[in-house]
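Q: Okay, here's what each chain looks like letter by letter:
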Amino acid sequence: MTTAAAHRTDPAGAYGEDTAGTAEFERAFDAAVAADERIEPRDWMPDAYRATLVRQIAQHAHSEIIGMQPEANWITRAPSLRRKAILMAKVQDEAGHGLYLYSAAETLGTGRDELLDKLHSGRQKYSSIFNYPTLTWADVGAIGWLVDGAAITNQVPLCRCSYGPYARAMVRICKEESFHQRQGYELLLALSNGTPEQHAMAQDAVDRWWWPSLMMFGPPDDESQHSAQSMAWKIKRRSNDELRQRFVDICVPQAESLGLTLPDPDLRWDEERGHYEFGAIDWTEFWEVLKGNGPCNEERITQRRRAHDEGAWVREAGAAYAVKHTGGTGGARA
Amino acid sequence: MTATVPMTAALALGDDALVLSHRLGEWAGHAPVLEEEVALANIALDLLGQARVLLSMVGDEDDLAYLREERAFRNLQLVEQPNGDFAHTIARQLYFSTYQHLLYSELAASGGPFAPLAAKAVKEVAYHRDHAEQWTLRLGDGTDESHERMRRACQALWKFTGEPFQPVEGLDAGFSGLETAWLESVGDVLRRATLTLPEGARTGAWSAGAGRQGLHTEPFGRMLAEMQHLHRSHPGAAW
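Going down the list, the sequences are from chains A and B.
To convert, take the position in the first sequence, counting from 1, and add 46; that gives my numbering.
To convert, take the position in the second sequence, counting from 1, and add 724; that gives my numbering.
Each hint should be verified, as a subset may be incorrect.
[Claimed, not checked] Covered stretches of chain A (chain B as the covering partner; in silico rule of three or more C-beta atoms under 8 Å from a C-beta of chain B):
hint: 1; region: 89-95
hint: 2; region: 216-230
[Stated by the list, open to error] Computed list of chain B residues with no C-beta within reach of chain A, every gap over 12 Å:
hint: 3; residue: Ala765
hint: 4; residue: Ala843
hint: 5; residue: Gln858
hint: 6; residue: Leu861
hint: 7; residue: His871
hint: 8; residue: Ala897
hint: 9; residue: Leu954
hint: 10; residue: Ala962
It is worth saying that the hints were derived from the structure and are not from the lab.
Yeah, the Cβ is synthetic: ideal placement off N, Cα and C, and Gly gets one too.
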């Protein structure tokens with residue numbers, strides 16, 4: 047690929063030691079970002095850029111694997127074999143997304159084990175939305191329609207993120223997420239047009255998932271801790287409030303087509319702005335869930351840790367076998 | 725063509741796939757490593773796809789899956805056994821996938837009513853068998869702990885391994901030849917995994933063998949209760 051700006055490959059150990067050299071690298075990096083070029087793993091990048099990416103990609107990867115839990119909760123109870131196949135495929139996709147993302151983080155020098163350790167010890171976070179419970183089958187639909195819908199709104203701009211491996215992973219993830227969003231919508235549509243009990247189940251799920259979905263875009267722009275620098279680095283390309291507004295504008299007509307209502311009495315079309323106005327978000331709830339006080343924070347991380355700990359002997363066996371059979375130290379068992 | 729599909733045989737094959745798929749689906753979110761989340765779900769999805777084709781040959785797939793009572797299911801007792809630890813899941817898969825691969829290879833070549841399904845499924849099952857073999861080697865020949873867990877798992881499920889070779893009405897297969905090939909293959913994998921073929925009965929009064937006649941083990945009723953609950957709570961509803 048030809049590039050307008052000169053990317054500078056980082057010679058081992060150069061940055062951080064030679065100030066004059068670093069300044070030159072920094073200019074090349076800034077020029078590449080300004081020219082909308084991709085930064086690749088071997089390019090020089092500021093430490094803070096690297097750290098920001100690792101934090102964001104890790105949080106995204108963790109969200110994928112924790113996000114498997116609330117949906118897997120319904121695999122064994124899926125009410126038809128067709129729905130069961132769709133749901134299993136979706137949860138499997140999420141494991142696959144986790145794999146791409148941990149690999150993207152690895153290109154920045156941080157391995158999966160280290161990131162999982164940070165998740166398990168609470169030093170890294172996952173999306174708070176997964177701390178809400180899936181109480182009925184309709185929640186599977188609401189997650190697909192609203193949670194995956196919000197995720198896509200957030201993630202489509204990331205396909206143009208300045209960091210190459212992350213941007214490319216996002217292209218594939220967004221394609222699959224779009225399928226997830228449609229299956230959720232279609233599931234809710236079947237319920238909404240079904241028996242009165244099914245319709246009520248769908249409405250109840252939308253009532254419970256609507257506000258937490260709006261919170262997925264993060265705090266308002268003026269309170270967002272990481273936004274400004276991420277926008278400058280083109281890691282993030284649209285502001286939280288901008289994305290939230292876009293999501294609401296998409297969802298309102300979809301809710302009408304579904305025959306369901308959104309639980310916001312202040313929701314109305316604003317002719318002048320060309321957008322839907324919506325009511326105030328309860329940010330106290332958001333911060334509480336983020337701090338660990340949501341309905342399922344404890345359960346989610348406990349299950350994750352348990353799966354990891356109970357699987358330790360399996361991973362050790364795989365590693366021991368590899369050593370024995372690749373000419374390593376251990377001999378075959380007698 | 726549907727008129728010639730033998731009901732008993734379709735239910736036997738379909739229920740094996742349906743029930744084992746369900747058990748594997750229970751692993752979602754609990755697997756020991758992320759790659760196995762993908763692999764176990766993949767096997768579960770293949771089996772579910774096979775079950776849907778087989779059940780649809782003889783009725784409505786959802787009626788058959790969700791509205792039959794425990795005694796009407798024709799699956800092997802082997803596939804309904806709870807997941808246990810990862811070694812039990814792998815031992816169950818090794819025993820079943822080896823059997824299914826041998827049987828489906830024969831059915832695919834038979835020209836009977838199951839030949840088209842078997843010809844497609846046998847390619848999937850070859851991967852399931854390989855996956856189970858690869859893990860059997862790693863667990864058997866990994867650490868002392870994994871060796872001991874794999875040994876125990878193979879032993880615990882051994883009594884369920886005679887049942888697959890009981891003749892099934894309408895299933896045109898040479899079961900005694902299949903059994904010989906199965907013993908040879910499983911014996912070889914276990915030997916390479918530094919394990920030995922378990923001892924103890926595989927048929928007879930104190931072994932399993934009546935799943936095909938609708939007699940199941942205690943955990944199966946609980947599994948069905950969970951699987952069927954929602955569907956049965958809304959009679960006649962579409963999903």
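Q: Each hint should be assessed against the structure and marked as holding or not.
A: Hints, one by one, checked against the model:
| no. | hint | result |
| --- | --- | --- |
| 1 | 89-95 | violated (count 0) |
| 2 | 216-230 | violated (count 0) |
| 3 | Ala765 | violated, 4 Å |
| 4 | Ala843 | holds, 21 Å |
| 5 | Gln858 | violated, 9 Å |
| 6 | Leu861 | violated, 7 Å |
| 7 | His871 | violated, 7 Å |
| 8 | Ala897 | holds, 26 Å |
| 9 | Leu954 | violated, 5 Å |
| 10 | Ala962 | violated, 6 Å |
Going through the hint list in order, the structure does not satisfy hints 1, 2, 3, 5, 6, 7, 9, 10.
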